[in-house]
Structures are given as C-alpha cells and as structure tokens.
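Keeping their order, the protein sequence lines are chains A and B.
Following this note's numbering, the numbering of the first sequence begins with 2 at its first residue and continues without gaps.
Following this note's numbering, the numbering of the second sequence begins with 1120 at its first residue and continues without gaps.
Please keep in mind that the hints were generated in silico from the structure rather than gathered at the bench.
Don't take each hint at face value.
[Claimed, not checked] One-sided excerpt, in silico: chain A residues whose CB lies under 8 Å from chain B:
#1 R58
#2 A61
#3 S105
#4 S209
#5 S320
#6 T364
#7 S368
#8 Y371
#9 A374
[Said to hold, decoys possible] Which stretches of chain B does chain A cover? Using the computed rule of at least three CB atoms under 8 Å from a CB of chain A, they are:
#10 1177-1189
#11 1192-1204
Note that the Cβ used here is the ideal one computed from N, Cα and C, for glycine as well.
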Amino acid sequence: MSPLLKLSLDQVLIGLQSKAFSATELTQSYLDQIQRTRGHNAYITVTTERALQDAKRSDARWSNGTAGPLEGIPIAVKDAYCTQNILTTAASKMLHNFIPPYESHVTQNLAQAGAVLLGKTNLDEFCMGSTTTPVHTGPTLNPWDVSCTAGGSSGGSAAAIANGSALLALGTDTGGSVRQPAAFCGVVGVKPSYGRCSRWGVVAFASSLDTPGPFARSVKDAALLLNVMAGYDKKDATSLNHPVPDFTRRIGQSLVGKKIGIPKEWFENAQMDPEILDLWKKGQELFEKNGCEIVHVSLPYSSYALPCYYILACAEAASNLQRYDGVKYGFRAKNIENLEDMYCQTRGQGFGPEVKRRILLGTYVLSHGYYDAYYNKAQKVRHMIQHDFRQVFQQVDVLLPPTTPTPAFALKASVSDPVAMYWNDVLTVPVNVGNVCAISVPAGLSNTGLPLGLQLIAPSLAEDRLFQFGHIIESNTSMPDLPF
Amino acid sequence: MSSVSPMSSAGSAAFETVIGLEVHAQIVSQSKLFSGSSSQAFGQDPNTCVSFLDVAMPGMLPTLNQECVDQAIRLGLAISGTISLVSVLDRKHYFYPDNPAGYQISQYQKPIVQDGTLQILSGEKAWKTIRIQRIHIEQDAGKSMHDQDPLTSYVDFNRAGVGLMEIVSHPDLSSPEEVIDYIKRLRCLMRYLGVCHGDMEKGQLRVDANVSVRRPGEDLGTRVELKNMNSLRFLHSALNYEINRQIGEIEHGGRVIQETRTYDPASGKTRPMRTKEVADDYFYFPDPDLTPLVIDSDHVQTIASTLPETPWAKHARFVQVYGLSEYDADLLVEDMDVSYFFEQVVSFLSEPAWAKLTANWILGELFAALNRTNTSFSDAHIHPENMAALIQAVANKKLSNLLAKEVFGIMFETGEHPEKIMEQRGLVQVSNQEDVQQWICTVLNRENDNVAAYLSGKDKLFAFFVGQVMKESKGKANPQAIQALLAESLEKLRP
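Based on the sequences and whatever the hints tell you, model everything.
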C-alpha cells in the first residue's frame, strides 16, 4: 500500500505543490487501493481512465500555476450525482444503463477546483435506506467489520473514506444519509444547510430535504471540501443566494463561554444503547473541559420528526420517481403487451422493495381524502419543529446529540423489519425536517471496536460553528487509525 | 348562481343549458414555463425544442420563467381579476408517455388570478357578463404519435413544458352561440394583450366544456366534460350534439351520467372516453422544487400601467372618436390587425370625417375580397397609405364608386398605389365637358327611338341614358357631369 494514502488533505496539497509526488502518482495509489478493497463494494463504477486524465490535467495545472483549491485531490462521488458521460445508476436497475449528458452543479464545482474523480460510490437505491443494501448493486460492507453495515444511504462514500480508497467523498443527506454512515465508518460527515449546495443534477429523493454533503477523514478536510461544493446556483430555485464563507475560519477558536444544548426529549425518544449514552456523557464532559456550559433544552415537537419525515419524504419520493416509466431512458421491461403493462412491468421490475414501499406510502399520504390527515399535518408539524429549533438556538450555540442510537449493526439484521430500520434515523431526521445543519464526528469506539459518532447541530447557514465545535471533539478524542 | 337563458339553437325550449369552460391558452414567451428551450415548437422537427428538464432527466430542476408569469398577470388585469400576490405551483400526477415527469406543474389551490369577468354578446344586442373563476399557469404536455408505425408509438416532446394559462369560467354560458362568442372575445383580448396567439389549428387554444341541462327552476343537472375540442366549428357541433343527447336521455326517462366525453368529428357525435384516459386522483401537492410564487404589488402596478388597449376600450374609442356605429366598431376591433390597419388608413386621410367611409370600405370591399379569395387579413398586401389614397379619391369625387371598386380590385391583387393604377389604366374620372358631351352625343344618336319615347313623356328613360353614357365612357365619366349635360342636351332636342 502506498504511503501517499495516509496523507491528510493538507499534506497532499503541500506534496503536490512541492512536486514531492505527482497527482498521477497519487491517483494511481488510490486506484490501486480501490482494487485492493473491492470486497467492501464501496464503488459501483470506477472511472480509472477519467481519473488518470484528470490527474494529468492537475499535474499540468500545478506546473503552470493555475492549480485550483482541490487540484489533483482524488474524490469519490455518490452515484446519485449525475456525471457527464459516466454511468449514473442511483444503485437502481431502473437506471442500470443511464449515462447523463450533463454534470451536476456540485461535481462541476469540484472539477473546476481541480478534483480528480475516482468513481461513483454505492448507496441505497435512490438514497432510500440506512444500510447501503441495494438489490441491484449489492451491499457495501463496513471496513471496520465486514459483517456490519456501513450505514446509508451514502454508505459507499463513507466506506471509501474509511478503507482509504478516497481522500474525500460526496454524499447526500435527506434524513441522515451522510451523518449516519459517517458515524458507522468512523469518518466525518456533514449535512450542510438546505440550499447551501445546489441540488441541480442530483437524482432526487425528497426535494425539500435532499442536501449534498461532504465526507472526509477530518473536520478541516470536510470544511475545505464544503468550501468548494457550496454556492448559489440559479438553476436550483431552492438554492440560497447567500455568501459562502471560508468554513475553516473558526477552527481553533476558543469555545470558552459557549453554550452546548442537550435536547432532553431525545433521551426518552431514541432508545439509545447504553454505550451511546455513555459516549454522549463523555462528549458533554469534553465540552465542559473546554470552557463550555451544558444547557438542557427542550424541543417538544422534535419527537414527531420521524413520522413527519417519513410522510414528507415518501410523498416527495413517490412524486419524484413517477418519471421512471420506461419511456425516455433507463430500464424498460421486455415482452410488454400494452402501455399499462409497460408501466407495471417496468416499475415492478425496475424498483427494489424499499423503493416500492416508499412509493406506496407516499402515494397513500397524498391520495384524495388522506392528504389533510397526513401530508398537510406533517407540513404543519414540520413548521413547529422548525420553530422549536429557532427557539432553542436563542439559548445555545449548538446542540449535541449522538448521531445514531446504536453502533453499526450486522448486515443480516438490516433486512427484517422496515419500521425498526426507520427508527435508526431518529437522531438525524430532526435536522433535515428542522431546516438546520449538522456534522457527525468520530468520538469513540463501541465495546466491539466499532466507531461511534457524536453529532453537532447549528442553525441554518452557521456551518462554520459545526467545524469549530467538531474540531474540539476530534482533537480531544483518540480514535484509532482508519482500517487501511 | 349562474344566469341562464332559454335554449336557442339546440335542444327544446323545456330545457336550459348550463356550460362552463376551461380554456387552455399557450402563453406567448421566448422560452418554456420552466426551461430555457424555445416555446415556438409548432412545425419544428420532433424533439428539436427539448431541454433536459423537458424530458424529466434525473436531477433536472425547474426554474420559473417570469415572462410567463407577467403574461398571466396581464390577462388577469384585463379581465379585472384579482392577482394573487402569493400563489403556489403544484404537481398534478398522472402516467402518460407525453407527460415526461409523471406530473404536470400546475396550480391547484392558489392560482395566480382569481375572480375576473368577460362581457359577451348574448343574442344580437344584449351584453352578458361571464364570470371567470380563475386563471392558473401550467405546463403543456408533449404529443403522442400513433401514426408513424403500426406497432410502435412515438412521443414528440417539443410542446412539453410550454407555458399554458388555464382560464376557468363559472357555468354562466347558456348556449353554444354564447360559448363561441366567449371564446372569440377571449381570444381577441389575448391577442390584443399579446399573451396568446390563439390559433386553434396550431393547438395554441384548446377548450374543454362542462355541459349540463335542466328544466327551468331545477337544480343544476349532472355535468359532462367534453374534452379536446380544437376548432370552433367542432366545438359548436359537439355542444349541440351533447345538449340534445342529454335532453334525450332525460326525456326518455334516463339520466345523464357524470363522465368525460370526447367529440368525434367524423360521426359528429360525442363518446365517453375510456376510464383509463381519465384519472380520478391527481395527488396534488406543492412542488418542492419551487418556492411559492411571490409577486410584488409594485410589479403588478407596472404591468397595469403598461397594459395594451383592450378590444372594448378600442371599441368605445372608435365609436366616440370616429363616429362609427357600434356594429361597425365591433367588427373592426374583432381582429387587432384590422383595427390597427383602420387607424393607420385614417391617419393618412386629410379629412378625419372620412373615417366612416374608411370603415365601410374595409368592412365591405376589403372583407369581401378576402372572403372571395379565401385570404386571411395578415396575408393581404394592401398598404394603408394606398388604401387612404383610394378613399381620398372617392371622397374627392376623383373616382366613381364603380371605378373605385375596379381600382381596389387591382390594388388587392398587386398591392400597387391607386394613382398608379388609375394612370396606367386610364381610370381617372372624366369631368371634362367636351369629353362627356362627346359620349352623350354618341349615345343619343344611337338611341333614336328611345330619345323619341323620352321626349314624348317617358321620363324614366333618363336613368337609362345616364347608364348608357357611363357605359360608353367605360365608367370614367363623372356622374354629376353626365346628369347636368344630358339634361341640357335632351332639352335642346325638344321641338
């Protein structure tokens, strides 16, 4: 294994600049590592040729002084981002042959910054799930323990960071799909503010909640990646036209006198493992040691975030996935008799069971006679949860809950009970529904040696706080090296 | 309550008809409602005006075209509607190959315009107010093509995503004739405003009608929705057929079923659409890709202050300023280009009082010529300055009516200036006494017997002589000159 893989983003940038090694050498090391870790099934598509071309371009730019902020940095991208002329499947048979003629806004930003695309990573089909176990492309294994889930839906990207087959990676977080796999794989994952990163060109799951987010080995690396991802995009009507700061600017600043909120309802609601409760307690102590004040706060309506989330997300998903009908692109069933048969066969064969379940749920909550009881009520609850967060952030700077109620569980366990699986998101979905931003930072190990994550939550557009506070967790925790 | 009048052309007098219309009007705009591709797709090769959004490629997002919003505001203001400063864009779901996203972005609970009115003519002279419930904006669908191949259907997405206004009336219309007048006036208004070209053949204007019948005083009957009527003629026939069908059902003890029917021009009948063609739940909800449509009230004011003149304002002005009759003014304003032509012609006249004469010529000779040659006004190449010259010549008695019509005929064909035509063909009216006297002598010499009869008391022959002289002069002689000189000459022949 190449020693280059162990270098942090800062070290790599210095090495590239000083010509200690080339982007091509670096990229080749990562491509080799991808092959070495094939067994984890982190990648759906490895873009070897494209990566080497990108690296060659980067070497030229390093030489002629036009290097971008991520020039030559090897990056893995969740296969929900459309990448021009590169297969983009969303881990679904429905898009098994889909090659977009366009590039998503965020990956375009990365390309402009000089990043090298290593490949497209595995996910739960259409981002629906928390285990990265799509039928079409198979499960991603947790590099810390291959019998366990890597989390999801962006499990491929999290695993790629954890097994050293990417330095940085992109995910999308709709209800925890970046933070939960980050926690399970012992890496940093960020759910930025909704609208901070353009959704243009990202295969939609639930439009009002989908948030592109970065994965990295460290808090600072994640901030540097978000610097490049973020920015207003007029092609996305929900994009925020708001200046993008340098997200690293507060890293290292003192936290003395800052207030850390502990949402009390989340104790009762989440049915957390004792070792997670222990982790949470240690996290509070850690911030107290750094001069922060712990404040117990209440977000009464956040207890309803989970059902609220599953109603809204499924409704939007059912609608967003209506376009997959076999007419224009992607999978079309064979031996069809007529139009209706084409729809039924194509969608029946093209979607996996979890996607179908959510389409049915979503269709149900939007149907005539049930709309008010479900969708409309969920929208009202959403506003109340957002109100709760606004109130709480008048009292505290950040909130500190764990990222997940349990450590990564066995892959075998992930197929049984869908509702039990949905409970796994109980600590992450309030962030998406509440329109705030959050980070998951590795903060310890479970009894069986699996990584555990603590979450920090800040108001919308205050991501720099996440990196400032997250850095304190990182620098006060002794995590073992990533398993590669 | 809807206002209802007895049946006119269809059905029996024992029943009243109640009709409400949903008019789909393609919005005039450079690009589509949510994408940058051209909205001028009619007649283009299939799938050449299509963006990634228009075919619902994964990850593509809609961005609202403000020009389409402004057009809807224009129409809303012109019908005295209320402009919603906050409205919502909803998704309406159904599966069909020409509906690329599986949903159409439309407006459901909060449309951009509410509560307007339109005046129509009911019968010959009575004005009637039709209430307009709402106008909302939405995406047009693509077109399924089943005639390309016996086994395969194709879809052309050129039209997919073009902006539409759906204009929904209350059930205030009481006859097929009122329906036709409503659509004509609505179309005329939209053309004046420049918000819709209104060509039904090109699908720029499409009409769905909700039709029911009842005995006077009864509650509203069960309504049938007639869909997909793309010409006024078909619409009229479809309504007549449907009204009679419903009355027939009731008179024979049956009842009308609430359903959606379509008109078959070949048989002249309406037939139920298959239930699969009609969804019963569209799963409406606000499009999460779009924020609510917020309109600044100052913006509405700006649009209001730059609104083009409406047809009814122009009508009033024509009556008041040019002294036209209500009827003539109505005919002139019906086509914006004609009304514009009329005013241009008048602007070239030396005497404004000749405006009435101008109206007569446009509504008479010009319209007749258009009809005769089956030409549309926009294809006629008569320059307003030339038309004015002709009117001047008539008014100044340089041309007799007969000659003027001949000159006009040539003008209509060639587009030449009337004076050039008159010169080339020697069509100038002759008032010169010697020339006229010459023609009179020729006629009187030829008509010896009639002259004798005249002199013996048959006064009525005078008109005959006038006609003969005019004929002899090939229409060039000034009629007044003929009258005077002929009377003189005949007097001289008395013994």
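Now the hints, each set against the structure:
1. R58: Given a least distance of 25 Å, the restraint on R58(A) is violated.
2. A61: Nearest chain B Cβ about 30 Å off; hint violated.
3. S105: holds, 6 Å
4. S209: holds, 4 Å
5. S320: OK, holds: S320(A) within 8 Å of chain B, min 6 Å.
6. T364: holds, 7 Å
7. S368: holds, 6 Å
8. Y371: Y371(A) check fails; min Cβ-Cβ to chain B is 10 Å, beyond 8 Å.
9. A374: violated, 14 Å
10. 1177-1189: holds (count 7)
11. 1192-1204: With 0 residues close enough to chain A, the hint is violated.
Checked against the numbered hints above, the structure breaks hints 1, 2, 8, 9 and 11 and satisfies the rest.
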